[in-house]
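Turn these sequences into a full structure, and let the hints guide you.
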Amino acid sequence: MGKKRTTSGEGRERQRLPARRFRIAAPRADSADGGSFFFPLLGLTDRGFSDCPDLKMSRVTTALGGSVLTGRTMHCHLDAPANAISVCRDAAQVVVAGRSIFKIYAIEEEQFVEKLNLRVGRKPSLNLSCADVVWHQMDENLLATAATNGVVVTWNLGRPSRNKQDQLFTEHKRTVNKVCFHPTEAHVLLSGSQDGFMKCFDLRRKDSVSTFSGEATEAGQGRWASLPVAQRCILRILHSFAHGLMRDAESRANEAQESWGCPDYPLGLCSGPQAGQSESVRDVQFSIRDYFTFASTFENGNVQLWDIRRPDRCERMFTAHNGPVFCCDWHPEDRGWLATGGRDKMVKVWDMTTHRAKEMHCVQTIASVARVKWRPECRHHLATCSMMVDHNIYVWDVRRPFVPAAMFEEHRDVTTGIAWRHPHDPSFLLSGSKDSSLCQHLFRDASQPVERANPEGLCYGLFGDLAFAAKESLVAAESGRKPYTGDRRHPIFFKRKLDPAEPFAGLASSALSVFETEPGGGGMRWFVDTAERYALAGRPLAELCDHNAKVARELGRNQVAQTWTMLRIIYCSPGLVPTANLNHSVGKGGSCGLPLMNSFNLKDMAPGLGSETRLDRSKGDTRSDTVLLDSSATLITNEDNEETEGSDVPADYLLGDVEGEEDELYLLDPEHTHPEEPECVLPQEAFPLRHEIVDTPPGPEHLQDKADSPHVSGSEADVASLAPVDSSFSLLSVSHALYDSRLPPDFFSVLVRDMLHFYAEQGDVQMAVSVLIILGERVRKDIDEQTQEHWYTSYIDLLQRFRLWNVSNEVVKLSTSRAVSCLNQASTTLHVNCSHCKRPMSNRGWVCDRCHRCASMCAVCHHVVKGLFVWCQGCSHGGHLQHIMKWLEGSSHCPAGCGHLCEYS
Amino acid sequence: MREAVLTWCVPLELLCSHPLPVSAFLKTQVKLYTYRACAGKDEMGKMVSVINTVDTSHEDMIHDAQMDYYGTRLATCSSDRSVKIFDVRNGGQILIADLRGHEGPVWQVAWAHPMYGNILASCSYDRKVIIWREENGTWEKSHEHAGHDSSVNSVCWAPHDYGLILACGSSDGAISLLTYTGEGQWEVKKINNAHTIGCNAVSWAPAVVPGSLIDQPSGQKPNYIKRFASGGCDNLIKLWKEEEDGQWKEEQKLEAHSDWVRDVAWAPSIGLPTSTIASCSQDGRVFIWTCDDASGNTWSPKLLHKFNDVVWHVSWSITANILAVSGGDNKVTLWKESVDGQWVCISDVNKGQGSVSASVTEGQQNEQ
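Chains S and X, in that order, give the protein sequences. First residue of the first sequence: 40, per the numbering used here; consecutive thereafter. First residue of the second sequence: 30, per the numbering used here; consecutive thereafter.
If you are wondering where the hints come from, they were derived from the structure by calculation, not from laboratory data. Be aware that a few hints might be false.
What the hints assert, rightly or not - With beta-carbon atoms standing in for the labels, derived distance ranges:
hint, chain 1, residue 1, chain 2, residue 2, range
1, X, G121, S, K852, 32 to 38 Å
2, S, E153, X, E216, 48 to 54 Å
3, X, Y191, S, A576, 52 to 58 Å
4, X, G121, S, T112, 49 to 55 Å
5, S, C900, X, Y145, 44 to 50 Å
6, X, N326, S, D823, 20 to 26 Å
7, X, Y191, S, E942, 50 to 56 Å
8, S, G362, X, G121, 38 to 44 Å
As the list claims (entries may be wrong) - Covered stretches of chain X, as calculated for chain S (at least 3 residues, CB under 8 Å):
hint, segment
9, 105 to 113
10, 122 to 136
11, 259 to 273
12, 346 to 353
Unchecked claim - Every beta carbon over 12 Å from chain X, so not counted as near; a handful from chain S, in silico:
hint, residue
13, L207
14, T404
15, G577
16, F841
17, W910
Beta carbons are placed, not taken as given, at the ideal position from N, Cα and C, and that holds for glycine.
Next up, the structure:
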């Protein structure tokens, strides 16, 4: 398929060709240098060289073909679970090998098509039970498999017969875990086995060329290597004879083991002479760059680096993982990078170029790592799969070790083999799984956990501060491992600078900020201050209101301060109104009261404070409140001449400055529907009212009268509507008016109720509860119990959050709601111990369960003391406080008769 | 006369948008910044100042930050698998604990009510929920819940009145409820298939007692109706209610979002017994759901705003009158309901621009 499309992709590919060619050519140069050492060793002839030009050419062609890979995410069902997969170099075929499957599939655009079943013969031998399979990267016809019984088989697809089996190497005594072709040398095959040996085969010979022992001690391995070849053969035969049975057993055991999902250790079969000493080999990989080098990984956590010319000892060895190292992979481009994956759930990337292997990256996965494969063309990406628990395939950016860059979730069982479809194409990944399926994954279709992850944290703190953690701008792609050193000067809160081309290019980090806010913005400092400073009881209502108004004003909460002032006026002032003038006012009719007082207040302000007052007012400054408060006093002393100015000032004010609410008041007032009227009316009405305020308490009968007036209900509605719009100023004026019209406090209850609801709704439950406590019975009946309770509990909860225990207790104590006031009792426990046996008393009664005696008897009256108990510290006798006091007045001896001379002071 | 509406600004945005070299006081990369907006002589202007900076030292993205009940400690969790606890009293930030135990990115943390001790729950991509407890100053893993088949995305403690109950929402679509039964034992109830594809957020309703407390004989536990809201990948918000037999039943299905619901937040109930829920979604929209009737059956949505990017979080202020919204554009906005029932943004950056220069200079002074 790939080849067919060569032409179409050629143009594009040509531009990149030099680089590719160089990359591919590089190892060849190596081989040319080192060839003189290596080829004699393997007994290669000139034929090896004659292959080279061809190979180079075909490789390039493949690369050309690779650029036009097309396909989609797809999967096909296999007959049996797969153990390993390998891709042909043309990227158009894949071989799947397993315990009972060995097939080649063609990867077509829409589907996998079975091309060849290599499992032939009536009675499949254990040789066909594959643990691993590898397709030669240069020869399309050459395959090698590793069998669970220790046999390494090569397959030649070019054979005309049905059975494509080419060679059979039965040198390993136990399962062969891995086979690996030399990346550039056509006939070199490497195998690694559970028996602890790695063997290098030349495919033109019948047996291995060299054996490498994973055994750590050089002595033993030297002895083995130094044996004459003939002897070695004999030994080998003997071994194979001795382990003939074992092999069978082992492959079966392996089967069981893997189906249980814990193939980490080779069970109890390590009884062979070598098995006990050498560690099982889990993976072998030829270095892509260094002609002679290969890496092997072991179950004890070691990684060894070998020179293929020197079977006697490894070049280098280091412990890479805690527990078995299941896999390794050389970086396709970076010469010294080796990725290893282990049972410790980690993938580590090592730099092998330095003298000592240096850990460069460490990726933590969720489950043990069974396979690791670098992603082509993406320097920092690698794909992993696990051998148990987790069925997904992950692609990691090694610089971002905690979150996978991409995730493929197609498989329903453990993924056993992964392979990138083409060595230069980063988007196609093939995988085989225990769930008997073969999948092609498109990187584009991968789920990206990073994208699903929430990049921001947000929390509203108690004090109105806001904690906000957000993703930082990402680092440049090549900044190395340590993301936080160096002074990157980006302000933290700049927008994400994600490169859309490669979303995982960089590292991620977050900035965490805490914002603090102030009243109006949601800060809560006012709450604490207010709670601490408010007076809720112990003084006359007027004083409480004044105090609280003062507190509120000092905290800059003018509206609240106004409310307190209003409350004071509503509930405390009536005592000042003279009875005589009451009648007068009533006689005038309620309709006059309202506009009258508006003008009255304004007029008063104007002469008193001049233009300054207005400025203050518009600013919402606190001073205007005090002015208003004092207004009654000022009014009393004011002379008539000031009154004359009044006609101008209020008109000016009302028309020019006032907001809609006050206009509405006028409109609703029947007498002021004619705009020309007010100037005449206002001064007249205002004058007598001044004297009304002087000094007489209102008679209750008048209050009753007034409450029924139709006008009153109209203005009441107005006032109620004013409350929620912060129009404290006009509201206050209106209150004066209403009050002066002899309205009973009862009348305001609806208004106050609405006001409390308003505050509560605004989140200021503190105000609601404070007013509720201070006004007590005056408003309680107007607000249903449930709401009150709700306010109380909310407020108490808030107080406790702010650790204002004292205030909270005070509120609980002062609350009139039974459910609330019993809160303190519910959370208070008294533990009583018996005074005789010192053990805890049972809950009820005064008799100890254990010693059956009454606790704390009074020594004088011989009754149980249920209240205060006073006792002598000398003889520990005591009783009722009164009794003991009385007793000791007359006698200095202990009332219990113990002879002790007690003293009471 | 209305009180002057105070302008409000997100301080950090201001700093970043300012041409002055901000890096002058951003010394290293990941820091904890504290900003204080303080009211000066002029109430209209707000000033911003850097108070302190401390490194959170998380090695990857932070997914959640939660303050405790008293507002003194801040817990953060990150992709780097760790949960960290900072003491943030008095503007300082001291690392108290670095909790490691998760094997995947930790998505969310939640503080339990302090009456049960210092308890923190965290949930992770590794399918586990871990409950951490502080004893004698050291934080230890107290319980590990591994009952989910997929990433656990959200944890939320029930109001303390109910006891120690934790709701966990997972990508496997289930919501599990862990109830502490004493002596280190946790009872698990699971609502399977609560949200198809996955559950992204859970949030408890505040404890409100049906009927008056007064009717309850003293000493007997009031009969709470436990409710919580969950948001999921099926674009739905679901309300769950505990039946009398202890089973959880879907009570309501709120439908308005056109993409994954990312967060739901039930407003604290302070003030009137109206229930309010805020929800945000992948589709960039934030809805405010309100329910006025006592039965809790009719919920009406109101669109707060449509953002251009994914909205990740919504968070209510403690008095439930301000909603903080954080979106994919890395911005936080604060919203407040105006008198006429409209939600207005009170943290518009442009409004506060006038005070920027003052704030930056002050910040630098503080730095010195």
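Quick one: which hint numbers does this structure break? Sort them smallest to largest. 3, 11, 14 and 16
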